[in-house]
Amino acid sequence: MLTTVIHIAFVLFSLSIIMNFWRLAKGPHLPDRILALDTVYINSLALLLLLGIYQNTQTYFEAALLIAMFGFVSTIAAGKFLLRGDLIE
Amino acid sequence: METLFSVTVGVLTACSVFLILRGRSFPVVVGITMLSYAVNLFLFSTGRLTIDGAPILGTNTEYADPLPQALVLTAIVIGFAMTAYSVILAVRTRGEIGTDEVNEQDSGESSR
Amino acid sequence: MSKVFPAPFLTLSLFAIWLLLFNSIAPGVVILGLIITTLIPLLLRPAWPDFKTIKKPHLALVYLVILIFDIIVANFKVAALILGRRKHLKPALFVFPLDMTDELPVTILASTITLTPGTVSCEITRGRRGILIHAFSDETPEETINVIRQRYERRLKEIFQC
Amino acid sequence: MWQQHLAILPILIPLFTALLQLLPWGDRPQPKRRALGLASSILTLVCAALLLVHVNQNGMLVYALGDWSAPFGIVLVLDKLSTLMILLTAVLALPVLIYGCYTEDNLGSHFHALFQFQVMGIIGAFATGDLFNLFVFFEVLLISSYGLMMHGGGKFRVRSTLHYVLLNLLGSALFLISVGTLYATTGTLNMADMAVKVAQLSGDEAALARAGGFMLLAVFGIKAAILPLHFWLPQAYSTTTGVVAALFAIMTKVGVYSIIRVYTLIFGPEANELVWLAADWLWILGILTLIFGIIGMLGTRDFRLLVAYLVIVSVGTLLATYSFSSAAGISTALFYLIHSTVITGALFLLADVMAFERGKTASRIVTGKRMANHNTYAVMFLIAAIAIIGLPPLSGFAGKLMILQAAPVSTSGFWLWGTMLLATLVMLIMMSRTGSKMIWHTLQGKPNEQSAPIGKRVAIGMLLSLSLILTIFANPIRDYTDSVADELLDTQSYPTTVIAPSSGEENQYE
Amino acid sequence: MEALNQLPLWVQWVIAFFILIGAVFAFIGSLGLAILPDFFTRLHAPTKNTTMGIGGTVIAAIISTSAQGTLTLNELLIAIFLFLTAPISAHILAKAALHTELPKFAPTRDLRDKEDAYQHETDK
Amino acid sequence: MNLFYIVFAPMIGALIPLLLRRTSRPVKTIATIAIPISCILVAWPLAQQTLAGDIPTAIQQWLPNIDFDLAFRLDGLSLLFVSLILGIGVLIVLYAHYYLSSKDNDSRFYACLLLFMSSMLGIVTADNVLLMWAFWELTSISSFLLIGYWYHQSDARRGARMALATTGAGGLALLAGLLIIGHIAGSYQLDAIFAAKDAIQAHSLYIPALILVLLGAFTKSAQFPFQFWLPHAMAAPTPVSAYLHSATMVKAGIFLLARMHPALAGTEFWFITVTLIGLITMLVGAYFALLKHDLKGLLAFSTVSHLGLICMLLGIGSQAAVIAALFHVINHACFKAGLFMTAGIIDHEAGTRDMRKLQGLLKFMPITATLAMIVTASMAGVPPFNGFMSKELFLDQALNQHLFGGLSWFVPVLATVGAALSVAYSIRFIHDVFFNGGYKELPKQPHDPPKMMALPVLILSLMCIIIGLLPMLTVSGILNQAVSSVVLDNITVKLALWHGFNLPLLMSAVAIVGGIVIYSQRDQLFTFNRQFEGQDAKHNFERIVQSICDSANKLFTYIDTGSLQRYMALVLISVIVLVIPQLFEIVTLEGSREQLPVDFVSIVGASVLMVAGFATAVLHRHRFIMLMMLSVVGLVVSISFAHFSAPDLAMTQLVVEVVSIILMVLALFFMPQKTARASTGHRVFRDILIASLIGGIVATLNYGILTSDFETISDFFIANAKTGGGGTNVVNLILVDFRGFDTLGEITVLAIAAAGIHKLLNKLKPFMPSSDIDGRPWHRIKHPLMLTNVANLILPMAMVVAVYIFLRGHNLPGGGFIAGLIAASAMILQYIANGVDWVKERFNVNYQSLMSFGVMIAALTGVGSWFFDRPFLTSWFTYLKWPLVGKFEFATALLFDLGVFLTVIGATMMILSNFGKMTTRHRPRQEGN
Ligand code: NA
Ligand code: NA
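Chains as they are written, first to last, in the working numbering: chain A, 8 to 96; chain B, 168 to 279; chain C, 1056 to 1217; chain D, 72 to 581; chain E, 34 to 157; chain F, 1376 to 2304.
Next comes chain A alone, as it looks inside the complex (with noise of 0.2 Å):
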């Protein structure tokens, strides 16, 4: 049953992936873009928690909270693209 469910989560997370790409290659804005990529990268982690607990392991936990973190310091890098050209300033 576990197993059924977590395949049914698979399967969720991976449509939930395409139709961030989805949304990442149409668009319309930079804005709609990055977030869309944002959520492609938690979507992504949610993927490897899958398969931590899918495996039975805890080798992927230090994958996925770099995920979390790395994932946020690109969308603010692209938003202070957007907001200011320079990132560093």
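Don't read these hints as lab results, they were simulated from the structure. Treat the hints with care, as some may be off.
[To be verified] These stretches of chain F come out as covered by chain A in the derived footprint (C-beta under 8 Å, 3 or more residues): (1) 1849-1857; (2) 1986-2000; (3) 2175-2189.
[What the hints assert, rightly or not] Which chain B residues face chain D? A few, computed with CB under 7 Å, are given here: (4) V195; (5) L202; (6) F209; (7) L216; (8) T217; (9) A242; (10) I245; (11) M249; (12) Y252; (13) R259; (14) T260; (15) I264.
Just so you know, even glycine gets a beta-carbon here, dropped at the ideal spot from N, CA and C.
Given the structure of chain A, go ahead and fit chains B, C, D, E and F with the ligands onto it with the hints provided.
Just chains B, C, D, E and F with the ligands, lined up with the frame of chain A:
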């Protein structure tokens, strides 16, 4: 899975190569970066694909080949250094020349 | 004491994070953690601004519980809006006039607004006099402002005593 | 016992020097950096010489880094070829650095550090016995060369650096694909071990490995500047500063060395289905490169560019000679390699210092003002020209005769003869034209007042005198390159030495 | 997977519940991002729902490991981090959207004063 | 050893005038002239041996590997030439002493002359053909320097270059020929080559070898059609011309023919080629000599003509012909040196060499005129001078050859014509200069030269007479030995002025009469020739070289357009050409390894990856969007690593990808954000083709690899990680222990990159847009409040995480590199949120030093193992048990990793802070808003 993997690596390589053949420095740098991703996947896969076998002793019974992983790690870091350098070199070139065209100006190709 | 622990709350939370990371309370981890979490604030002291510190920690806990509850509610609300019919969508852009000016409370309030039902804080307007909010639901701005004022801003002012 | 560690000193000395040079060093750091760099270069030279002597007396030195012996760990394999190349690098680096210490290093930041890093990378590439580690050292030498090439800045330099960098980045990617393919078919990275494994390959696996091997050829081809992968070279060498170009004289040789190493050891005589994998291609490409270099020389109107094409000609000569796959071919190629490295280095410096003293006309092959030290340069130019053209009595002539004799009396041999002699003629014409226009034909009036520091002339003199030494000791050196070639072709005993170090050395660590 | 299947059934149910909560909310969030009409409305969806999706999954992960004997809370860090940062990302993007004057969904009521619309926070 | 002295004394002695350059000319001249005289003294006893039939030799090994030894011999032939070179050399130095003006750099002149002398001596005494060739090339170089002595004159420069190119080319041909001969004979020693005569002549490579050798000889002695360079060598000072044309340079070619005679001559090919070329040269030379108005030009072409004569004799090759040839070598040397000196005197004293301007000089220069008439008569072959005798012998040989069968008669006829022309130009030389009417205004008032300047000419004229009258006393001894060493037989030469009335005498008479006739009709000849004027070999040569260079240049501007696109394409095409044939040889690509099942997530991942990759490529003109697509690619690659059991890789990839993208976004600010559509359809099609082929190659390789099994050394790492390295994360252990050296290199690369970037950003004034891509001014807020606050909160958190990741790397995924980048990104966030100034105020860290210390720590950890008598980078670990803390592990690898950690922070921060600094000070002013 192996088929899917190799096709993906191939497509990624092809896309990168297309970018590398562009005439402006920025896309070329991006192409090289993407090529390094593809190459890392390739190099990684020379240890063959293993699922649920992270080479951390005591967590599994079968382990993925750790050597290519270590090689890819080195390659990633070196690639990072190279990307950083080339990106900034592109900026510098633009700063000095005023354009980001990679071809020499007043050559026949620049118009193409 | 303040020289060794320039920011006790910070040290404490860092230590908690340390333990969470290692997922262990083995003596080695604890000792090393104490050392590290003492050292890091000392090292980063210049970068640590003079935040208004929490004056009423117990109220902060209450605030946290409310927040988590609201987040869950917000999720269902937004889910309903996404799945519901488009004509229910009546977004609005309006300013929530702020009653406090300290950085940290304002930041927390703005974050709370974003995490809670139907609102996203878009701008902190000039001089921190207000927060520009984009609201999603069909409630009137006045209602929303009222809720925010009563439910969050009041509590934050108490917590930070400002 | 301590001689063991001698193996790694030529890598570590420049490394530590470079790291120290990155430190701030107070208000006037440059004198300190210079002293440090020169001291280190001398030390490297001494170590390289001692290493060569040691290896010559006691045979190949295998240094297992981290005490993990081959094929599992990375080993440095100091055989005669490696030590020879290392010594050559050290010998070239010292005068070039001396040259650089005379104000050249003030043109931009980090000159000294990058210089030492570059030396480290080159020496490391010569020393390592591991294919992936070779990649790493390639990157070390490349990234430092990127930095060095930019030294002094300017429009043209920046663009040619951009080209050079991007091309080499592509090359690095291809290198990784090749290494991956070879690892995937042989399961190892140590070159000696790979040689053993490659010999056991057959059928489709062998074909995969061949594909990897050929891709590697393209990679090394870029470094060595073989046609059609040479395009970066003239542009790069002619736009960068003289000192960097002179140091780069050994850079193409790293490519040539790698080709010799990999295609003799791994894909050489013992490689079974992959025997002498690259020989045919190297033959054709070598000759074409030579011809291309000839045309390039004819077409150029700049002294620096002329020297750059001289480098290309030397690369073509080297590879075509190597492709005969004979002991004599390899030996003579090595002799020629030493000679051409030293002389092209000297020529780049000469072109630089002449350009400086000529002022506006710089290194263009046109009539210009008399230089402040006109006569000195005239003599230097004459000596360098005689040496590089291959006229008696300097080293080039010995090298050329050796190669011509080593070429088999067959169609391919005649092709080499023909192209080499044609190249010599063209060099003769172009060098005499250059000398005639730049040195003989000067404008009336006072000579230019800008005078290069004497240290620069001393540095060039040092390099040119090396040609004299090469001439006088041509025979012992040839004897040595003969023994290098013999050792290189003895691809059966190489792996046994590398993979199972002799018991004596092993005991030392037990 | 075997280890999880050996857990008591109710634990499995709890885990499954949280996984599903997470996955469904994440899905809805992404759906919202895909179908909502303008940037500002789209911003609400992932900001709230996807974050919640992670929350569910994190709880599931914590239960699944903890139920096997050792209390494992480290995944909590991920959730904390996301709750801390998500509003900031949203804020920055909203700022950008306002700044670039992205078109708004027609029924949006713009109740800003003129002053509010053009006068943002001052620099420190 | 004395032979070495003879050859090398002038070479080393060349330094003497240079060292004496501050002294007066007489000192220099004496010092210089002492050298050839000392050589003569040294040679004297050796000459006695040679004349007695011995061959003195000397040998010193130099390059035994290529059979190149310093081997010298002094056989008859050598002696003959050595005498000429040294003897005339002495006279030339003496002459030059007076000839050179005070402005000329006499030191350089003497040095070059001595060098040249040495090279010539080397050629003629070399006992090894390679050695001979070496000296041959040296004569080219030294004659180049001599001809170009007055390098401020364009003629001198061009003449020198042409001579060098022509003789140099011939020299190279000669080398090839000699190498072939040496290859056939198995040795480069003369005796061995002579001994192998039959083998050589029977070999299939004989004809090519012969042609190559002849090319060498003919270019050097200016034989047709290579005669063009010699007249232009006249730009040299006259002493040089005298030397080059009489005893040396051009005689080197003749010497070569004689030297190789024993091995190469005697075949029909030799005969026909050499004789014909000689004959043609003789006629052509004589004809042009007659036409020249320049004294030296006349003499130059007469040299060509006489060399043709000698060449022809050597072609005939009979014993008598060889005698005649060598005899004429001596005679020609005597009279030609004298003639050039005379011409030089006239030029020197009268200020011109143009025969149209000169006339009636007899009155002013009686001594010169007398001497000139003697040497000219010798040249014209008038009895009783020596020239007459050798010409007689020549005509006799021309009569007695029968090698052209029925057409053999044309040889003596043409020989007589040549002789007649020779008489004609000789008459012109005398008549036009010294007679031909009264004196005309000249640049200088002519008078006889100083006595000592005329002395050399006097000596030479006396030689012409003495040899003519007493040949058996003077030259027969040397000729005996010389001819013997050419025909390899002991012979005795019989020379006499009077041969009785015979056909050759008649021919001589005909020639003299014919000569007078031709001279009297010379105006018609000049008129006839005028139509060919304007053809200057020097200009032609120059033009040919120039046009070759120009076409090469054009070719290069066409091929090498400085187009990176083309370079890149070439690299890729090379890969395609090299690799694809190998792939075609694969029979079955799919190996025996069982494939893993495909799952939905993987398909989605792969699809997203491919589409994102594709989008990155397609959207390359929208740069920011391209970067976002690249982010997706990087993220999915990272997830794939995680999926295929490589958590370390997943983290590293992710972290690196984000930092790279941030760098690119930073860069984008200074770059055009959009690219105009630029590529033509044709170009795009080509690129797509290349891209697909490369992609195909990589995919094929990858598929072949993935589906086959292999044996790898990796099991060793898994087996030894715990016991040998003390950790459980095998990947990390490989990085810090098994292959720690790679990692050391890798962080070195990072440090170098940072230093290089610092260099790149130095003094850079980048382009900075004051508005975004749509022309909107930038937002006014630099540092949004919410962001700064949260960034400040995150920094310590991230540091804790970094320490955690660092510490556990040894046993679980993590390590110094990732930890370093986490710390660095937290700092980047500070930069983004708070700005450069803010950070700099609070963290005054010298990132460069930090980075340097990082690498040092790593490397020093490696050095540390030396103290335990282990190789570099040997790791060590132990388990410690401390109270309270309990048992824990300490490994030196951790120290190494600390180095990595610090390097990464230092390098990354150095890059970013330097980048950031660029705009901080001079941001363009904001408009509007
Ligand atoms: Na949110
Ligand atoms: Na900046």
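Hints, one by one, checked against the model:
1. Counting residues of the stretch 1849-1857 of chain F whose CB lies closer than 8 Å to any CB of chain A gives 0, which falls below the minimum of 3, so the coverage claim is violated.
2. Remark: the stretch 1986-2000 of chain F is confirmed as covered by chain A, as 5 of its residues place a Cβ nearer than 8 Å to a Cβ of that chain, reaching the required three.
3. Restraint check on the stretch 2175-2189 of chain F versus chain A: 5 residues with Cβ-Cβ distances below 8 Å, three needed, restraint holds.
4. Because the closest C-beta pair between B/V195 and chain D is about 6 Å apart, less than 7 Å, the hint holds.
5. A cut of 7 Å between beta carbons decides the hint on B/L202: the least distance to chain D is about 5 Å, and the hint holds.
6. Annotation: B/F209 was flagged as interfacial toward chain D, and the flag holds, the nearest CB pair being 6 Å apart, inside 7 Å.
7. Proximity of B/L216 to chain D is violated relative to the hint, the smallest CB-CB distance being about 12 Å (cut-off 7 Å).
8. Interface restraint check for B/T217: the shortest CB-CB distance to chain D comes to about 14 Å, outside 7 Å, so the restraint is violated.
9. Hint on B/A242 holds. Least Cβ distance to chain D is approximately 6 Å, under the 7 Å limit.
10. Taken as an interface hint, B/I245 checks out: its beta carbon lies about 5 Å from the nearest beta carbon of chain D, inside 7 Å.
11. At a threshold of 7 Å, the smallest CB-CB gap from B/M249 to chain D is about 6 Å, leaving the interface hint in force.
12. Interface hint at B/Y252: satisfied, since its Cβ lies 6 Å from the closest Cβ of chain D, which is below the 7 Å cut-off.
13. A least Cβ separation of about 6 Å between B/R259 and chain D falls short of the 7 Å threshold, and the interface hint therefore holds.
14. Taking 7 Å as the C-beta contact cut-off toward chain D, the hint placing B/T260 at the interface holds, the least distance being around 5 Å.
15. At about 6 Å, the closest approach between the beta carbon of B/I264 and any beta carbon in chain D falls short of 7 Å, and the interface hint on this residue holds.
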